[in-house]
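Protein chains: 2
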Amino acid sequence: MEHPDCPLCRDVGGVWVASQPRFRVIRAEDADFPAFYRVVWTAHVAEFSDLNAQERAACMAAVLQVEQVLRRTLAPTKINLAALGNVVPHLHWHVIARFDWDSHFPNPVWGERRRAVDAGAAARLALPLEALDAQIRSAIESMSDA
Amino acid sequence: MEHPDCPLCRDVGGVWVASQPRFRVIRAEDADFPAFYRVVWTAHVAEFSDLNAQERAACMAAVLQVEQVLRRTLAPTKINLAALGNVVPHLHWHVIARFDWDSHFPNPVWGERRRAVDAGAAARLALPLEALDAQIRSAIESMSDA
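Note that the protein sequences, when read in sequence, are chains A and B.
First residue of the first sequence: 1, per full-length UniProt numbering; consecutive thereafter.
First residue of the second sequence: 1, per full-length UniProt numbering; consecutive thereafter.
Keep in mind the hints are simulated off the structure, nothing from the lab.
Treat the hints with care, since some could be wrong.
Pairwise CB distance ranges, derived in the manner of DEER restraints [claimed, not checked]:
1. Ala134(A) to Arg71(B): 36 to 46 Å
2. Gln54(B) to Arg22(A): 14 to 24 Å
3. Glu2(B) to Thr77(A): 16 to 26 Å
Cβ coordinates follow ideal geometry from the N, Cα and C atoms, glycine included.
If we strip away everything but chain A, and leave its shape as in the complex, we get (with noise of 0.2 Å):
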């Protein structure tokens, strides 16, 4: 299952926030976009279709959870989600918090910035990230269909 040539078999791939047996969530550390997180499937898979019923419901389970406690917690703008994987073809769902006075909003975090942030983006959020990342790991451990 593990592909010794994969990042994301081989390292956590960010700032380790919770697991289950299936997946993990990380916390990239985007300087620009620090409610930046990812769910991580643990075995290496490239795309979603790749999962199973059961597999797809449980991960999207974990997309939902941390997609609502940025919500909850944050009050973004917009919440942003995508499986893409052309450069690491591991299966993982990026959830990030987007503000419309971030530096590229409304382009997505892969287009063209639009604006500086000062003081740095971290410091605008309602809570600390060790606080968000917190409420993240007691929602995704608390799943009871992970």
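For this one, chain A is given, so just place chain B on it according to the hints.
Relative to the frame of chain A, chain B by itself:
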């Protein structure tokens, strides 16, 4: 439920491919990414977590159907899935077949162009877009869980 100012409430939003009561599938007309489809939720909701559990399952089942047709017919290098909605906050899922020869690969379609594609990308697909649309229509119309 409808918002008069929302382009996805007002218009189809692309080439119509298939409809179910709760969602439709359209094809974006993008010369760089010809196999670029969108699952557009019928009701005007902004976020995936605005759907209830049964609706989320139906929505992702539709995304899955499109992904599976694209994989089976085109054997893409990668499938890209995304629900962003920063510009049009009406729930829609992008389902995009990506190829290692496409204009932006491995960048996201919203990132920087990497190369020119001679003769156009659509001509390099294994089947004409109308045939691809028809296969997706058939898959969506056959859904028992829509």
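Supplied distance hint 36 to 46 Å, evaluated on CB atoms of Ala134(A) and Arg71(B): holds, 38 Å
Status of the given 16 to 26 Å range, CB of Thr77(A) versus CB of Glu2(B): Roughly 22 Å apart at Cβ, these two residues keep to the hinted range, so it holds.
Consistency of beta-carbon spacing, Arg22(A) to Gln54(B), with hint 14 to 24 Å: Holds - the Cβ-Cβ distance for Gln54(B) and Arg22(A), about 23 Å, lies within 14 to 24 Å.
The structure agrees with every numbered hint stated previously.
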